[in-house]
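Add chain C to chain B, keeping to what the hints say.
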Amino acid sequence: MAIKDYIRQRYFPQMWCPGCGHGIILNSLLRAVDELGLDKNGIVMTSGIGCSARISGYVDFHSLHTLHGRALAFATGVKLSKPELRLIVPMGDGDALAIGGNHFIHAARRNIDITAIVMNNRIYGMTGGQYSPLSGPGKKATTAPYTTIDNQFDVVDLSIAAGASFVARSTAYHVLECIDILKKAIQHKGFSVVEILSQCPTHYGRKNKEGDAAQMLEVQKNTTAKLGSKALENDPTLIPRGIFVDIDAPEYCEEYDKIVQRAMKASQSGKPEEPLVNPLIQQSCVTQ
Amino acid sequence: MTDNINSNSVNDNNGIKPNNINNGIKANNIKFIQGNEACVEGALYAGVDFFAGYPITPSTEIAELLSKKLPEKGGKFIQMEDEIASMCAIIGASLTGHKVMTATSGPGFSLKQEALGYACMAEIPCVIVNVQRGGPSTGNPTHVSQGDINQARWGTHGDHAIIALTASNHQDVFEVTVDAFNLAETYRTPVILLFDEVVGHMREKLIIPEKGELPIVDRLRTSVRKGVDYHPYLPREDGRLPMSDFGAEHRYNVTGLFHDMWGFPSNNPQVVRELLHHLVDKIENNVHTITRYKEHYLEGADYILISYGSSARSAIHMAKNRRERGEKVGVLELQSIWPFPEVMVREKCANAKAVIVVEMNMGQVMREVKACVDNPSKVFLANRIDNKLINPTNIKTLLRIIQGRGV
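Chains B and C supply the protein sequences, listed in that same order. Take the first sequence: its position 72, counting from 1, is numbered 72 in the numbering used here, and each next residue is one higher. Take the second sequence: its position 200, counting from 1, is numbered 200 in the numbering used here, and each next residue is one higher.
Please keep in mind that the hints were generated in silico from the structure rather than gathered at the bench. None of the hints are false.
A few chain C positions that, by computed beta-carbon distances, are all more than 10 Å from chain B:
1) Ser110
2) Lys282
3) His317
4) Val343
5) Arg400
With a straight-line cut-off of 35 Å between C-alpha atoms, the simulated DSBU-like cross-links for lysine-lysine are:
6) Lys258(B) - Lys26(C)
7) Lys258(B) - Lys31(C)
8) Lys226(C) - Lys258(B)
9) Lys265(B) - Lys26(C)
Here are a few chain B residues that face chain C, going by a calculated C-beta distance under 10 Å:
10) Asn102
11) His106
12) Cys253
Glycine residues also receive a C-beta, built at the ideal position from the N, C-alpha and C atoms.
Chain B with its partners taken away, still in its complex shape (with noise of 0.2 Å):
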């Protein structure tokens, strides 16, 4: 299908600023979606507040945007209710790791089947350039008129530590990568996370003295490299990009319906259900 086949025409144009990498990565992920041939009938996507969540409205699928950071938590519910359904969730660095942090995690944890998106811009754009979790320190914001003092997440460290199956990187300016990255992480049985680094000229560009849109886009091109590249070897500072967890581990709504099953069994026989060795734990053992 061509791609405006994907998108609700009736709401455009978007409201993003001229430059903003937002609207690259929502093309990547429709392309994505376009080649896994997925029917638009089994997709929700779902978001919380910021730039990034508007995402939602722009696209032909079941769309739900939610609160600021709770768009994991709504996400959770719809996917557990119903997991048939793909949970696509599209969020902004403060939305997923300030106010969403804990959903985030958790969300992890549990290892849910959901997509979650984050698009890094490292900064709040809607409501005006305020500092985020991922902006780091020395950076300037209106909210860190001497430049911030706060560190901050690596998303892809974080991931991996909470729990995520499939934990990648990319960036917008890698159009390419994004979409096959994007295609991985969609397939993926479990809690995925993509982190995108996106550009803000507005706000962060603007206030950092990185330029404008294109500038921006070289930044992301020269401080990256490709995980196992020649470049990142020669050069640790840069920015890896790249899969860099993708396992199969035991799917939280697939676990449920085992619990579901042994519920049922035992309240039809009447007879107490018999512990059983938590899968998760057995994986562990091992794995260690």
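Frame of chain B; chain C shown alone:
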């Protein structure tokens, strides 16, 4: 002296229908359980199949019991990371076509308020149980209070309408829980069940009605066929909005922003005004349909006690006792608190010498009663705020003072 109930002619013997006990009721249907368990039984009867919650005293038994019972019938239970997430998760699950519930108490109820407002705005059917405990803040987790009456009404920001029900005994806990699900589906709205620690933890008899004995309102789904434009936020002539499940053929947007009939965000002043009117009117205009109450010894009463929840038990006890001594004291027991049944309360209190609101807070319902009766100066408050159950003597003391008889 008879003890009349408005909705039917059943005598109130703590809600138990005495003639039926040996008359066609299966032994399995008779339980001796906690109020929280009665709430679970009511929810299951109403068809709940998704629950998300977070442990908090004194509501935790609801989550515990549903974690066992829901998977037995193919439903889903999830313990979320906090009360905010629980509220969000049930909204998500409601959109896939399920009957959903969460349960909490004071601090957790505070945390749910933002998402509760979302459910009001996006018109998502859901049921929120608040088993009230002492507050503010952490307050008194294991003791009783009725201090969240106004929070249920105005806890979330912005103009909106809300439905809140309550009950004083387990049979009624069961029935108002069923009712809560029915009202949530009928009006596409969150419904709050305002129980309290005494009702939640007290054990008494519950007779579970047979299937079909109580009416059940199921999800109203759109009849608009595939390929035809479906307007999720365009009310029918009767004011109801048929839904389409996520995953079904109609794809639409759900948002907490003001939105048009397609669910797409709008700040068009006319769209904003009309939506807010719709959200408030669909409930406030139906206050008579939503109102639930009971009358105990109310006929010809000179002194009317208005009460609800566990404090109503003491009020009923006191009224019965006074009636036996020939004093015209009766109880108007509220079972729906929001929307406040102003007209009904005004009419019932029109001829009373005094109206005494019996509650365990600093007068939250009393203020509503004062605002709606013809003579607010005859409205008094009999309360306890020490997180102990108000007892009949507490009420009697105030009554004697009002009557000029001293204590």
